[in-house]
Structure formats: C-alpha cells, structure tokens
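Those protein sequences? They're chains X and Z, same order as listed.
My numbering numbers the first residue of the first sequence as 1 and each following residue consecutively.
My numbering numbers the first residue of the second sequence as 1 and each following residue consecutively.
Hints were generated in silico from the structure; no laboratory data involved.
Careful, some of the hints might be misleading.
Unchecked claim - DSS-like, lysine-lysine: derived pairs with alpha carbons at most 30 angstroms apart: (1) Lys400(Z) - Lys35(X); (2) Lys357(Z) - Lys9(X); (3) Lys35(X) - Lys9(X); (4) Lys400(Z) - Lys389(Z); (5) Lys333(Z) - Lys310(Z); (6) Lys136(Z) - Lys389(Z).
Spelled out from the first residue to the last, the chains are:
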Amino acid sequence: MQVRIDLEKCCMSGECYYNHPELFAMGDEGASVVKPVDLDTDEMRRHAVQAAEVCPAGAIFVDEGV
Amino acid sequence: MAEAATERPALPDAIDPREFDGAAFQRDPFPLYKRLRDHHPVFHDRFHNRWILSRYWDVDGAFQDNASYDRAVYRPDGPYEFGSTHVFGPNILEYGNSPQHRWLRNIVAGQFVGRRLQDFLPMVEQICDEVIATFKDVGEVELVNQFSSQVPIRVISNMLGLPRADEDTFVGWYQALIAGLGFGGEHLARGIQARNEMWAYLDPLIAVRSKAPGEDLLSRIVSAQLDGQRMSPDEVKGFVALLLAAGGDTTDKAIANMWYHMLYTRPDQFDDLRGNPALWDNVFTEMMRYDPVVHAQFRHTTREVVLHGKVIPERAGVILYLGAGNRDERVFKNPDRFDIHRTDLHMGRENRSGRYKDGLPGHLGFGIGQHFCMGYAMARQEAMIACSKLLDALPSPRPKFDAHPGINSPSIDSGGFRSPETLWLTFGAA
C-alpha cells in the first residue's frame, strides 16, 4: 500500500493526525506527514482509508494495490 | 496590637486564588487573565490545587501535547466507572485520550461536517423560520428565551430523530438541564429531575431503534459497535444528553453573544452587516476570540512538564484559559477591542490543528487537537443561518434598552458558558 499527501491541497485540518496518529503526524507548519511505519498491515490500511474519507481537503490518496 | 503595623501592602501583581471564586471574575475575567499572562504565565493555585496556563502559545501547546496532558481525570490505562451524580450521566468527554474516546467520537463526528451537515441545513432554515414566526408580528422579542434557546435544541432533536410533536417538551427538559448544570442548588435538583424524565422518555425509543435502526443519529449511536459490543442504554442516554448540551447550549449562547456584540459592543459595525450578511462569519470568529462561550478547558498532566522555568508535576490538574489566550497581546493587536474586520486573526472555518495556510493565528474558542469541538462546523453554520435569518426578518432591529448588564456566566471554572441572560430587541417603525 502507498499513502500520499497532496501538500497543495492539504488545508492543515489535522483530522488525519489527530484521529489516526498511528499513521500520520503533524509536520512543519501544520501540514500532515505519513509516519515511517510498515504500511502493509490491516490496521494501517484501515487508518489510511478512514483518514482519506474524512479529509476535508481530499488531500490523502491511498493506493492499495502497490 | 495595631493591625496596620502587621498588614503587608498588597503586591499589585499578586493573585489571591479566591479571586477566581468571586462574582467580579465571572462578570469580567479579563483583568485577571491579563495579570496571569503578564506576571504568572504558569500559576500554581495552591488554594484550588491546580495550575493555570493563560498565554496563547502555552494554551495551544498544551492542547497539542497529548503525551503530557489528558482530558480525563482517571488513569488512561486503568478501570473506569461512570459517575452517577453528573447531570449528563456517563459521557464521551470522560474517556480522555483513550481509543474508546476516538471510537465514540467517530460514531457521530461525521454527521456534523461535510455533506451530512449540508443535508441538514434546509431543516435548520425551516426551524429558524418557524421560531421567528412566533414573534415577528409582535414588535419586540427577548432573543435569549424566544429565539436563541429555541433553535439549536430543535435542530439537534431533529437530527436525533425524536418526534417533532414532542419538541416543546424537549425544550423544557433542555432548559432545566442547562440551568442545573450552570447554577446548581435548586436548579440542580430540577435539572436532575428533567434528566430522569428525559431518560424515561428515551428508554422505549432506544429499544425501538436498537431493533429497527433508521438513518437518524440516535439509531447510529445505539447500533455502533466496538469489538462486537454496543453501548449500554445508560451510555446511550449520557451521549444524547451531552449532544443536547454541547450541540444545543453552546450554539444557543453563541447566537446570543453575536447579537449582543452587534447591538452593544460595536453598533457601528452592525451597520456593515445589513449590506453584507456574509460578514456574520466574521462576527462568529471574532466573538469566539473576544469572549467565547467556553473559557476554560481542563487537563491533567501525565508526566512532569517544565514551562517558563516552573515544574508542573505529574498528575496535576491544569486549567487552560483559552479565554485568556485569545486576549494575548503577544499575538493579537489591541486584543481588548472587538473588531469584525480584524486582519490579524484567521477568519472563517477552524482547523483542529490550529494552523492555517494564511499563516494567521486562529481563535482558541473550540479548543485544539484531539478534543477539538466535534460540532465546530455545525455550530458556525447554524449560528450564521440563525443570525442572518433573524436580521433579514426583523425590520430595523435595535436594543430595547440603552444599557445592558453585559455578558455574564455561572462559574467559569466549572465550565460555565458565557452569554447575556436576556437580550431585548425592538423592531419595526421607530
């Protein structure tokens, strides 16, 4: 799985890193970054999909096939 | 013995913790906030056994730091037992930073933002119209009782899917609950009675929605599962009571505060709104900075915290005065001036992170971080609709009385919500 954050779109809402701190963290200036964790687990897949769903900016992209 | 000889002159900057319990502080907490910010940024209040943070970036920092501060007062990894005396009964706010908290929150959080919120807005508009119709031919209105305390509670009970025929009964219970929460004494007894009546009313509804859930919020709450477990009926009722208070009372008071500031604090800027109702957005934002409904949030430390050369020990109670941080002159120019055209405050929609692309600081009125207000988007939309509908419906609204005692609150430190007790308007031909 790959998780990508579009920093142009990211509005710094914090919804991903506060609701899913296992996978995301607050980076510089409030934008989101993906933590260096093993992404290929069911738990991380769930965090990624849920975070992408609630992101108010639509800035999180999950590619499950990779 | 001459008393004068032993009496020390009071230090102008010293703070007597009993000031926090006085009526002067409830009415106008801002001078004390300033002394805290300027002279005691980390104040150890030994009398109430707690620590106080008051500067903008210190309050922000504590909100952001989940590793050092928790919302709940029990051990996050320990057993939890519901308190039985709280007016609301068991509720989500007591779950602290635990995974259960995130689970409970996510059951309903999605209902108050985005598309689901947009779906509800026509209903908000309809309820506003209905309530305004009850007084718009009378020529005057007491805005708190007849409008602001009517609209949000009707909206949230609709979202929950409670029968519309019972709405008036619900408004009555709600008003008793809120008075019980804020004022104590005989109000508390009435509040608990209202809660018991409301709970008895909810029992059969919960039973029905458990078996045959619909699309409403109550159905979502009763059917949500964590590890195969549903919430108990008492937890469901505590959740409902919290939604009534958090989703009703805060927005109710926000609406009253916005109108109060436009009528009494900045009547000159009230004129700006007539040609540009979108400016209610700025009124909301500046109200949430200048004197928000909620001024204090509570945390306890989960480890030792060092700040401004002071050491806050582990498991200490900490009050975050967001009402004080919002007036921090280190962040905002002329912080004691209410100005809907302010250029040093992020206007518009809030972020849970407290960070914005325009680089401006936001208000702290919804908190920040994990416990950021769940209903922030809904509160703003609802307040905007209610305020602009009212201004639209009433010809030349103006204060009925020249003087007003101002915004007040029950105890700020017990979570008292700030608002005017009454707000009389007249309208129509002068």
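Here is what the structure says about each hint:
The straight-line distance between the Cα atoms of lysine 400(Z) and lysine 35(X) is roughly 58 angstroms, outside the 30 angstroms bound, and the hint therefore fails. For the given pair, lysine 357(Z) sits about 10 angstroms from lysine 9(X) by alpha-carbon distance, which is consistent with the 30 angstroms threshold. Taken as a hint, the lysine 35(X) and lysine 9(X) pair is honoured in the structure, with Cα atoms around 19 angstroms apart against an allowance of 30 angstroms. Restraint check for lysine 400(Z) and lysine 389(Z): the C-alpha separation of about 20 angstroms stays at or below 30 angstroms, so the hint holds.
Annotation: proposed proximity of lysine 333(Z) to lysine 310(Z) holds, straight-line Cα distance about 28 angstroms (limit 30 angstroms). For the hint linking lysine 136(Z) to lysine 389(Z), the alpha-carbon distance of about 12 angstroms falls within 30 angstroms, and the restraint holds.
Violated hint for the displayed structure: number 1, the only one.
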